[in-house]
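Construct all of the structure, not just a fragment, from the sequences and the given hints.
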Amino acid sequence: MDPWKLPISSAIQRKRLLSQSYTSHASASPSDLACADRASDVIYLLLIEPQVITSKFSVFSFLFVIGAQNAWDILLEEESMTRITTSCAELDKILGGGISCKEVTEIGGVPGIGKTQLGIQLAVNVQIPSYYGGLGGKAIYIDTEGSFMVERVLQIAEACTEDMTEYGRFLGKSIQARQVEMGPKDFLENIYYFRVCSYTEQIGLENYLDKFISEHRDVKIVVIDSVAFQFRQDFDDLAQRTRVLSAMALKLMKLAKKFSLAVVLLNQVTTKVIESSFQLALALGDSWSHSCTNRLILYWNGEERYAYIDKSPSLRSASAPYSVTSRGIRNSSSNS
Amino acid sequence: MDRGSVVYVDTGNSFSSRRIHHFLCENGGPPSKQDDTGIVQRVMSRILRHSVFDINLLFNVLHQLEFVLGSQEYREGCKVQLLIIDSVSSLITPVLGGGSSQGYSLMTSLGVLLKKLAHEHDIAILVTNHMVGGERGNPKPALGESWKSIPHVRLLLSCDYETNTCNISTLKHPSLQAASRSASFVIG
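Chains U and P, in that order, give the protein sequences. Residue numbers for the first sequence follow the UniProt record's numbering, so the first one is 1 and each next one is one higher. Residue numbers for the second sequence follow the UniProt record's numbering, so the first one is 1 and each next one is one higher.
Because the hints were derived from the structure by calculation, they are not lab data. Owing to the predicted nature of the structure, the values given are computational and were not obtained by experimental measurement. Any given hint could turn out to be false.
To be verified - Listed below are the simulated DMTMM-like cross-link pairs for lysine to aspartate or glutamate, each with C-alpha atoms no more than 25 Å apart in a straight line:
| id | chain 1 | residue 1 | chain 2 | residue 2 |
| --- | --- | --- | --- | --- |
| 1 | U | Lys211 | P | Asp54 |
| 2 | U | Lys311 | P | Asp86 |
| 3 | U | Lys311 | P | Glu162 |
| 4 | U | Lys102 | U | Asp218 |
| 5 | U | Lys251 | P | Glu162 |
What the hints assert, rightly or not - Beyond 12 Å from chain P on every Cβ pair, some chain U residues (computed):
| id | residue |
| --- | --- |
| 6 | Asp73 |
| 7 | Ile74 |
| 8 | Gly112 |
| 9 | Gln117 |
| 10 | Glu162 |
| 11 | Arg169 |
| 12 | Leu171 |
| 13 | Asp186 |
| 14 | Ile213 |
| 15 | Ser214 |
| 16 | Asp218 |
| 17 | Ser246 |
| 18 | Val269 |
| 19 | Trp300 |
Said to hold, decoys possible - Here are the simulated distance ranges between beta carbons:
| id | chain 1 | residue 1 | chain 2 | residue 2 | range |
| --- | --- | --- | --- | --- | --- |
| 20 | P | Ile187 | U | Glu215 | 35 to 45 Å |
| 21 | U | Glu151 | P | Leu126 | 45 to 55 Å |
| 22 | U | Leu280 | P | Leu126 | 28 to 38 Å |
| 23 | P | Arg42 | U | Glu151 | 53 to 63 Å |
| 24 | P | Leu126 | U | Glu162 | 46 to 56 Å |
| 25 | U | Glu162 | P | Asp160 | 39 to 49 Å |
| 26 | U | Lys211 | P | Glu66 | 40 to 50 Å |
| 27 | P | Lys148 | U | Lys185 | 58 to 68 Å |
Just so it is clear, CB atoms sit at the ideal spot from N, CA and C, and this is done for glycine as well.
Next comes the structure, spelled out in structure tokens:
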């Protein structure tokens, strides 16, 4: 039974069926049905031609829900995904290779621990070309505090280019022959910088990011520094703040999944009073602390800076030392 | 094809297939080299992950599931035995409160739909909720009084960081006695 002969009431729906290239029922193969990304299309077909579709139903029913993926396919995809290196070998080791895409990572710590430095390092490292083992993508840096210093980014980018050239030399001339040299200025050009001065601007920007990234598909990381700053002042209604923050977290999760990019949120700390004792905790409250996929806490241990994985679905809780040098984030000096 | 399937609704990109692979394989090497019998692949192929970032999309997914489960031909195929929603509070918190009661009505209709799915199609449903700070710093579940009546069983997980053991206790159960039961476990 061809779609144009079906007793469909509306011409628009007939046109939709044809536009999906279902020119005859035989051509609507189970895999096409299974991959149809609009539930309405498939369910519509089921309603009008049940006897036709049911013979192929067993494959469709295996998916149950359109858009679902099974765990084995996800595993194979994840194995081939490149992670964004932090330029510190110890840190990369506990992170399983680096910051992973499709996830929202929250990095929190006391002032001066190096959160902004880590954010800038990631924004530079995401641009490392694929023949050097990087992602070759661009970065979006959302600055809410005004702590983004272009001179520092240039310094880190210069150090990165020097490291890349040395690595290229180590691997031999074959790589240098086919690549285009990336200079520090190229690194700066690939970072899209947004400055927000109020929480309404921050929310507005997050709503705009979907459209922006659809037009700039090579963005592979979004760094927000810091996510807490604008929400800690001027917000009288804490319940509203919780609502706004959870909606924002969901949007960022959706961005990360839809465009396969990493979202890195830098958070501040606050003091929590528990039974008359003080404890440092991340800002924005308990409900926000559930909103990220991974959480990394940066802290001082004596004179050394350490990073600790506080929350992760697949990584073990571990600590690693790192240091902030003039070249950016590097291994801790006591190890090397 | 009479084994069960699992549908995992993920709201926080937290579904880790690598972790599932660790549970199934004792030595946990790369998947392509591991699996001689194909059993790990078969087991993992039955776990379906769907990412949902909006409460309306969750309703969409649940209605699709209801439609498929209710159809004639499904009964001959593979059966869904477990539905996990991780987590329901991150979807409901943005719409709850703010003067309007739409959030509460969405939450209640979600609860009713889940109970209906569980009862009519013999599925076990597991939803996760978050603990947030309540009065005087005592933690309380994010979804509060109105959600309490929806689950049949409520479990509370807590973790003691010093000894690295976790504790699970029952807050509500239809057949157990009033005193809550608890057990300890470790996550390896």
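Do the hints match the structure? See the list:
For a cut-off of 25 Å, the pair hint linking U/Lys211 to P/Asp54 stands: about 18 Å separates their Cα positions. The suggested pairing of U/Lys311 with P/Asp86 holds, with an alpha-carbon distance near 15 Å, which does not exceed 25 Å. For a cut-off of 25 Å, the pair hint linking U/Lys311 to P/Glu162 stands: about 16 Å separates their Cα positions. Our distance criterion of 25 Å between C-alpha atoms is met by U/Lys102 and U/Asp218, whose separation comes to about 14 Å.
Restraint check for U/Lys251 and P/Glu162: the C-alpha separation of about 35 Å exceeds 25 Å, so the hint is violated. Listed as a non-interface residue, U/Asp73 fails to keep its Cβ farther than 12 Å from every Cβ of chain P; the least gap is roughly 8 Å. Chain P draws U/Ile74 into its interface by the beta-carbon criterion, the shortest separation being 4 Å against a cut-off of 12 Å. Here U/Gly112 stays apart from chain P, with its beta-carbon at least about 25 Å from theirs, past the 12 Å limit.
The non-interface label for U/Gln117 is consistent with chain P: the shortest C-beta to C-beta separation is roughly 26 Å, beyond 12 Å. Non-interface status of U/Glu162 relative to chain P is upheld: no Cβ of that chain comes within 12 Å, the nearest being about 34 Å off. The non-interface label for U/Arg169 is consistent with chain P: the shortest C-beta to C-beta separation is roughly 31 Å, beyond 12 Å. Remark: the non-interface label on U/Leu171 is consistent with the geometry, its nearest Cβ contact in chain P lying 24 Å away (cut-off 12 Å).
Interface exclusion of U/Asp186 from chain P stands, the closest Cβ pair being 31 Å apart, more than 12 Å. With a least CB separation of 15 Å from chain P, U/Ile213 remains clear of the 12 Å interface cut-off, as annotated. Non-interface call for U/Ser214 relative to chain P: holds, since the shortest CB-CB distance, roughly 16 Å, exceeds 12 Å. Here U/Asp218 stays apart from chain P, with its beta-carbon at least about 21 Å from theirs, past the 12 Å limit.
For U/Ser246, the condition that its CB be more than 12 Å from all CB atoms of chain P is violated, with the nearest at approximately 4 Å. Every C-beta of chain P lies more than 12 Å from that of U/Val269, the closest at about 16 Å, which supports listing it as non-interface. With a cut of 12 Å on Cβ distances, U/Trp300 stays outside the contact zone with chain P, its closest approach being about 19 Å. The hinted range of 35 to 45 Å is satisfied by P/Ile187 and U/Glu215, whose Cβ atoms lie roughly 43 Å apart.
Taking the beta carbon of each, U/Glu151 and P/Leu126 are about 52 Å apart, inside 45 to 55 Å as hinted. For U/Leu280 and P/Leu126, the Cβ-Cβ distance of about 33 Å falls inside the hinted range of 28 to 38 Å, so the restraint holds. Roughly 56 Å separates the CB atoms of P/Arg42 and U/Glu151, a value that falls within the hinted 53 to 63 Å. Taking the beta carbon of each, P/Leu126 and U/Glu162 are about 52 Å apart, inside 46 to 56 Å as hinted.
U/Glu162 and P/Asp160 have their C-beta atoms about 47 Å apart, which keeps the hinted 39 to 49 Å range intact. Restraint check, U/Lys211 to P/Glu66: a C-beta distance of roughly 34 Å breaks the suggested window 40 to 50 Å. Hint check: P/Lys148 to U/Lys185, Cβ distance near 59 Å, so the stated range 58 to 68 Å holds.
The structure does not agree with the numbered hints 5, 6, 7, 17 and 26 stated previously, though it agrees with the rest.
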